[in-house]
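Trainee: Put chain B on the given structure of chain A with help from the hints.
Chains A and B are the protein sequences, given in the same order.
According to this note's numbering, numbering within the first sequence proceeds without interruption in unit steps and concludes at 508.
According to this note's numbering, numbering within the second sequence proceeds without interruption in unit steps and concludes at 796.
If you're looking for bench data, these hints aren't it; they were derived computationally from the structure.
Computed from a prediction, not measured in an experiment: that's the story for all the values here.
Just so you know, even glycine gets a beta-carbon here, dropped at the ideal spot from N, CA and C.
Residues on chain A that point at chain B, a partial pick, calculated with CB under 10 Å: (1) Q12; (2) N14; (3) L16; (4) L17; (5) G19; (6) I20; (7) T25; (8) H56; (9) E60.
From chain B, some residues computed to sit far from chain A (all C-beta separations above 12 Å): (10) D517; (11) E521; (12) N527; (13) T558; (14) D591; (15) P633; (16) G640; (17) G645; (18) P647; (19) E674; (20) E738.
In case you want the letters, here they are:
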Amino acid sequence: MTETQAPPAAEQENPLLEGIRRRRTPEPCALTIFGASGDLTQRKLFPALYALAVRHLLPERFAVVGVARTKMTTEDFVARMREAVQEHGRDEFHEETWEELAEGVRYIPTELDDDEGWDAIAACLTELDDERGTAGNRIHYLAVPPGAFEEIVENVGRRRTTSGWTRLICEKPFGHDLDGARRLNATIARHFTEEEVFRIDHYLGKETVQNMLVLRFANGIFEPIWNRQFVDHVQITVSESLGVEGRAGFYESAGAIRDIVQNHLLQLVALTAMEPPIAFDPESVRNEKVKVLRSLHTPGPKHIVRGQYGPGDIEGAEVPGYREEEGVSPDSETETYVAGKLYVDNWRWADTPFYFRTGKRLPRRETTIAIQFKRAPKPPFDAAEEGMRPNVLLLHIQPDEGVSLAVGAKVPGQGMAIRTVHMDFLYGGAFRTGLPEAYERLILDCMLGDATLFMRADEVEEQWALVDSIIATWRRDRPAFPNYPSGSWGPAAADELVHRDGRSWRRH
Amino acid sequence: MIRDATIRDVERELARLRNEQTGADVSPSLRTSVMTHMAWVPERWADAATRALGGLEERHPSRTILLYPRPDEERDELDAAVDLRCFAVGGGAGVCFEVVELALCGPRAQRPASVVAPLLVPDLPAFLRWRGDLPFGAPELEGLVGVADRLLVDSAEWDDCTAGLERLETLFDLIVVSDIAWARTEPWRYELARRWPGIAEAETLAVAGPEADARLLLGWLRARLEREIELEHDAAATLERIAVDGEPIELTRPDARTPSDLLSEQLDIFSRDPVYEEAVCSYSSVPT
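Bound conformation, chain A alone (with noise of 0.2 Å):
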């Protein structure tokens, strides 16, 4: 008989692993920043970065590299992010921890068609591999506006390193419309492959985004009621209480739908119409997506209902309408809300609608998922039925993150009276861990390469197809603006859309 030896340790697998919970830590990466001088790398990316660095999450190597038109140096641009990471970070302030990450910024103003503020930027790059250890993997993030993207995406790409891999981030809006992000989505990918680009909808990094994906998938007692059969319909409200604050150049170019229901509002239906996915990972997640993206009836003018804030009061204090905002035209036709009944044209929804409405100068800024339930067939309590709400399970995005449910319960005493009540999971309560911010997740995902939480190409093409749609039937007719007042819950026309078929719009 002859002996089997064993291979040699180096081509077996290392016993040493196992067992070994490694937290998700990247690979050394520099993070160039376009449009650095802004007000998202101030409010969210930099506050994100100290957070990551607060929890040692960053690459043991890492640099940023700011890129705007704004002239300043290195050192007054660090002295910029250190404020805002002092006014809107969610941890306490350490110097330490800030001179760390700071160590590593760099900034360099351009203009982006300026050949020689290129260079600057890939030798910046360069001196950073050799000084920081970088080892020529890169993202750049793109937060410019949409108009800005293809210049960026022609200069990285051409000037990609050969060592190292490269990633870009693009914030969203991706595009105006579908020929606008059909033209990006060429640009890019005759540069990157799929796997390098990330187009952030921030929605997606939320906690309580991701919780509904582990609700639904987790937990074996919602998945067989999630259907036709039981649910009797969808509501899905994304308002705010502000108005444009100070973004009217950019909102009168994009109104509500492209702003909202473009994106965060249609992810939102997908989230939570898709079929379970195979696995957690980018292209198993994002199929299940896609597939319901690409089954959403176009919604008739019937079904769709815009409109636009005029004064009222908020919190007790009067407010101008929107065409009275500074910026804005005073005969605007930007729609500051829209209203809408989708359908989900497959096995699981067919003929379940889902409702949306979205809106600036709503009452309060809410986030919320409503699934309600089909009502019990014949409940035995004649006289109590004036009680009995159908069951609804509320999905709470922001704020209050967490889940209700809607049940009937007795009301104590002789008779046999029923009451509404909410079982609440607040999700604050049961974690009290600081929930991470989105882009603090969003960051550090692309960073490890994960693209679960961004969009795909097809998909934000498939996004672009039904809102282009939308608005071309809005090109036929001129809004009778403004038609709801600040404070309210939108037009009038919003709560016929939900009568018409005997339903109505969540009491808040």
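Mentor: Relative to chain A, chain B alone:
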């Protein structure tokens, strides 16, 4: 503190505190639990236990039951203190966690299982943190192991860690065991793993740190590499240095975890750790 308390007294007090939270003009607070967290805390460990619990309730809302054994007291009684710790969440209702402290006086110190069993939160896992030496074979340990799902120890707390580790494997078939000393070694184990495949031929391991940590690292390397390895151990309060065959191993990033963080991490784990069990079993044949 309720002197000579019964479990009914504890339950009544918990109910009273909850009702107090639900006044006519205030939003009711939510009671939230993801587990029952029991801690066996002999007197010398009381301060350390309190420190480790700091902030833990916020990360792992639970019904916490602190058991203080006082076997030397003559009276056969139970003293209890019940607290509802509430935290404001957002602008609305608060969230409350229950903390029950029980002093087990006289013979009661040997029968803690029947004391805690009626207080366990149904359908949720029960974790037992055992402070100090594990009294193998003692009724109090056997009883609590019978009602808990997971036993958390820190073998570095044991007066005789050699004997403790040798006997620990007798518990593996009774309950899932995790060891905070083992968790402490994790960053070092990762660094050692990065030395693969060169480390496959290692002959000596030098450790400056707690004896338990050193023994566990040795047991792990022996079991994983399937070879005899010699240990050179220098006692130190924390894991300070490791070398393999004279080559120092450095942590690429300092381990900033506090005792509370380490405990918190363990409370997130539910399954058996076969690599740890293997390290402990392998250890029993390590020459001392």
